[in-house]
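**Student:** If you want the building blocks of each chain, they are given just below.
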Amino acid sequence: MSAADIALDVTSARRSRAKRLRPVRMLRLARHAAGALWSQKAKAFLMMIGTAVGIMLLTAVVGLSAGVQNRINQITAFFGPRSIMVFAGGGHLHGAGGRAEAGTTLKLQDAQAIQNQYGYEAVVAPGIFSGDTNVKAGGVGTQTHLVCSTPDYAEAFDWYVQEGAPIDSDDERSMARVAVLGTTVATNVFGAEDPIGKHIFINNVPFVVKGLLTSKGTSAMGFDQDDRIWIPLSTGMNRVLHQDYIRFIRMKVRPDYKVASVVDQITQLIRQRHRIVPPEQDDFRIITPDFIAQRVQSMARTTELVGGALALVALLVGGVVLMNILLLSLSERVPEIGLKRALGARQRDILVEFLSESVLVSLFGMILGVLLGLLPVLLIPRLFPMMPMAVSWKTFAYAALFSTGVGLLFGVQPARRAAKLNPVEALR
Amino acid sequence: MIELSKIGKTYLTGGVETPVLHAIDFTVEEGEFVALMGPSGTGKSTLMNILGLLDRPTGGTYRLAGQDLTTLDDNGLSAIRNKRIGFVFQLFHLLPRVSVLQNVLLPFLYTEPYPPDAKERARALLQSVGLGERMNFKPNALSGGQQQRVAIARALVNEPSIILADEPTGNLDSVASGEILEIFDRIHREGRTIVMVTHEPDVAAHAQRVITLKDGAVASDERRN
Chain A
978 MSAADIALDV TSARRSRAKR LRPVRMLRLA RHAAGALWSQ KAKAFLMMIG TAVGIMLLTA
1038 VVGLSAGVQN RINQITAFFG PRSIMVFAGG GHLHGAGGRA EAGTTLKLQD AQAIQNQYGY
1098 EAVVAPGIFS GDTNVKAGGV GTQTHLVCST PDYAEAFDWY VQEGAPIDSD DERSMARVAV
1158 LGTTVATNVF GAEDPIGKHI FINNVPFVVK GLLTSKGTSA MGFDQDDRIW IPLSTGMNRV
1218 LHQDYIRFIR MKVRPDYKVA SVVDQITQLI RQRHRIVPPE QDDFRIITPD FIAQRVQSMA
1278 RTTELVGGAL ALVALLVGGV VLMNILLLSL SERVPEIGLK RALGARQRDI LVEFLSESVL
1338 VSLFGMILGV LLGLLPVLLI PRLFPMMPMA VSWKTFAYAA LFSTGVGLLF GVQPARRAAK
1398 LNPVEALR
Chain B
2 MIELSKIGKT YLTGGVETPV LHAIDFTVEE GEFVALMGPS GTGKSTLMNI LGLLDRPTGG
62 TYRLAGQDLT TLDDNGLSAI RNKRIGFVFQ LFHLLPRVSV LQNVLLPFLY TEPYPPDAKE
122 RARALLQSVG LGERMNFKPN ALSGGQQQRV AIARALVNEP SIILADEPTG NLDSVASGEI
182 LEIFDRIHRE GRTIVMVTHE PDVAAHAQRV ITLKDGAVAS DERRN
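Chains as they are written, first to last, in the numbering used here: chain A, 978 to 1405; chain B, 2 to 226.
Any given hint could turn out to be false.
[As the list claims (entries may be wrong)] Cβ-to-Cβ under 10 Å is the rule here; a few derived chain B residues that face chain A:
#1 G77
#2 F88
#3 R98
#4 Q103
[Said to hold, decoys possible] Each pair of labels, with its calculated beta carbon distance range:
#5 B/F27 x A/Q1017: 41 to 49 Å
#6 A/D982 x B/R98: 55 to 63 Å
#7 B/S6 x A/A981: 15 to 23 Å
#8 B/L92 x A/K1018: 21 to 29 Å
#9 A/W1015 x B/A119: 18 to 26 Å
#10 B/R187 x A/W1015: 49 to 57 Å
#11 B/A119 x A/R1359: 50 to 58 Å
#12 A/R1405 x B/A220: 23 to 31 Å
#13 B/Q128 x A/L1385: 39 to 47 Å
#14 A/E1309 x B/N172: 14 to 22 Å
[As the list claims (entries may be wrong)] Below, simulated SDA-like cross-link-like pairs (lysine to any residue); rule was C-alpha separation at most 25 Å, straight line:
#15 A/K1371 x A/N1047
#16 A/K1193 x A/K1397
#17 B/K120 x A/H1009
#18 A/K1397 x B/K120
#19 A/K1397 x B/D56
Since the hints were derived computationally from the structure, they do not count as laboratory data.
Ideal Cβ placement from N, Cα and C applies to all residues, glycine included.
Excised from the complex, chain A in its bound form (with noise of 0.2 Å):
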């Protein structure tokens, strides 16, 4: 070696370059962390826990509010996502189909006005749902839901026939006792045979089959939609059921519309129509997406926010233990810390290896809380369906972030009083 090579290296060791940390060199020594863990696995493994408790708590909360929003999804899609139930009765929501007292105050003539007024905002589709409700076809008899409704039914629920004709504004205007039926109706009834132009009793008033619904399979609550019979609304309200009121209005927004104001406008519309002057109470309800889901979530925020609370404290809690082990065991490691310095470790290297400690700490109590928090999130779901639970990047991404966080949080200080030792006392 030669004096030349001394002097590129004191010229270079000059420069700022050499102040920079490569990645090359980050990576070694962060490997080389990893073995002084692995050496001391008992340690890294108390040192990990909380940060596991916390990822685990995470990763369970985030899994519900996934679980949540995928349920919002469902129920929306159900719904309609640009759709507007109005329902007769006020007070507060007992399910989408209301209760069996739930007034008798929402009038055709409501319906009526709404579609005057603002059926170029949305498709309106006033109606009765009837429960229970029997029917009789050839000897055969079943219960069925009875849907009376105007042939904008259709393409307000997005709901079509597959054979037949629909209930037409003929039908509507001369209360034809014509219906329509639901899948599960037609082959209770029926079984194999073609039910349209068949003749069906239903609450012992004949009627003549005249379409197929589509099939539309078991809702997101487990109610089989296609058990169903659709009849002229004036033929339901005037030769079947005998009644001067409906239940329910049901609209779509049209696509240059907005759901919210259409909701505004009709509140209005209605509140006139019933005479009504808040603070006195509504005697009708709207149900929109945006209304249940704030429902679904409102069931589910107690739970997320204390479960992510937990998860918070189980975090810090796990840091600041973290922060503890690595102070305590600093004190043995002195020497080598003196050592590396003198084989060349600058201040930085010392830090960046003892952050790697902390931060590959954290990692792996991730993947422990992770693996620990997708048990939950894989298992209620099975064992009762109700719950909603799914796995989201999101998992992934808040346990990395947080995980990271804490390592790099609660081991900076240690990182940094093993870099500022005095090499020559650390060697003593």
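Given the coordinates of chain A, work out where chain B should sit on it, guided by the hints.
**Tutor:** Showing chain B alone in chain A's frame:
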């Protein structure tokens, strides 16, 4: 190779200045084997720490191959320590959790660029100190003399300009000491520059030059042969 001029070191403790080294002046030529002697508390260790760039003098200049090192910052000093200085300590200072081979490779953690033949170099050095069969042992499985040989291999692995040895036989029995000194003789013959602190005259006898410190100053500087 090494030029010290008017190197001084004063510690400030509790507002009181304690001078440890006074205007140390000497040069060490390339290939010299120098023993540094003197009673305890005369500043040998302080001088070694300054020579090893672990400590800064409070006065004077330190030149290595004509380059002033006193102006380098901590990163610069670390880089020079890594490439140009090999340390051998009295207490070996091996890392117990990694193998003998990994101990020898330790300096390369901090070397840029990482030499592609690092492992071959480390293996060859371990062979040359007679530990070719023990490369995958943990240091604890070795005797004191063997551990010190690992430390010497580690000091040499980055082909430093100077070897600084601080009582390298101070913790060894006479047989092991003899083996260690033989290795020092050999690397000296190979042209290495060595500065060794020792208390024992028979150890110092291996050096060509003995510098004696007394009360923080050079009391004598004798060359032999």
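**Student:** Take the hints in turn and mark each one as holding or not.
**Tutor:** Status of the hints after comparison with the structure:
no. : hint                         : in the structure
1   : G77                          : holds (4 Å)
2   : F88                          : holds (5 Å)
3   : R98                          : holds (4 Å)
4   : Q103                         : holds (8 Å)
5   : B/F27 x A/Q1017: 41 to 49 Å  : holds (45 Å)
6   : A/D982 x B/R98: 55 to 63 Å   : violated (34 Å)
7   : B/S6 x A/A981: 15 to 23 Å    : holds (22 Å)
8   : B/L92 x A/K1018: 21 to 29 Å  : holds (27 Å)
9   : A/W1015 x B/A119: 18 to 26 Å : holds (21 Å)
10  : B/R187 x A/W1015: 49 to 57 Å : violated (36 Å)
11  : B/A119 x A/R1359: 50 to 58 Å : holds (53 Å)
12  : A/R1405 x B/A220: 23 to 31 Å : holds (25 Å)
13  : B/Q128 x A/L1385: 39 to 47 Å : holds (43 Å)
14  : A/E1309 x B/N172: 14 to 22 Å : holds (20 Å)
15  : A/K1371 x A/N1047            : holds (13 Å)
16  : A/K1193 x A/K1397            : violated (70 Å)
17  : B/K120 x A/H1009             : holds (16 Å)
18  : A/K1397 x B/K120             : violated (31 Å)
19  : A/K1397 x B/D56              : holds (14 Å)
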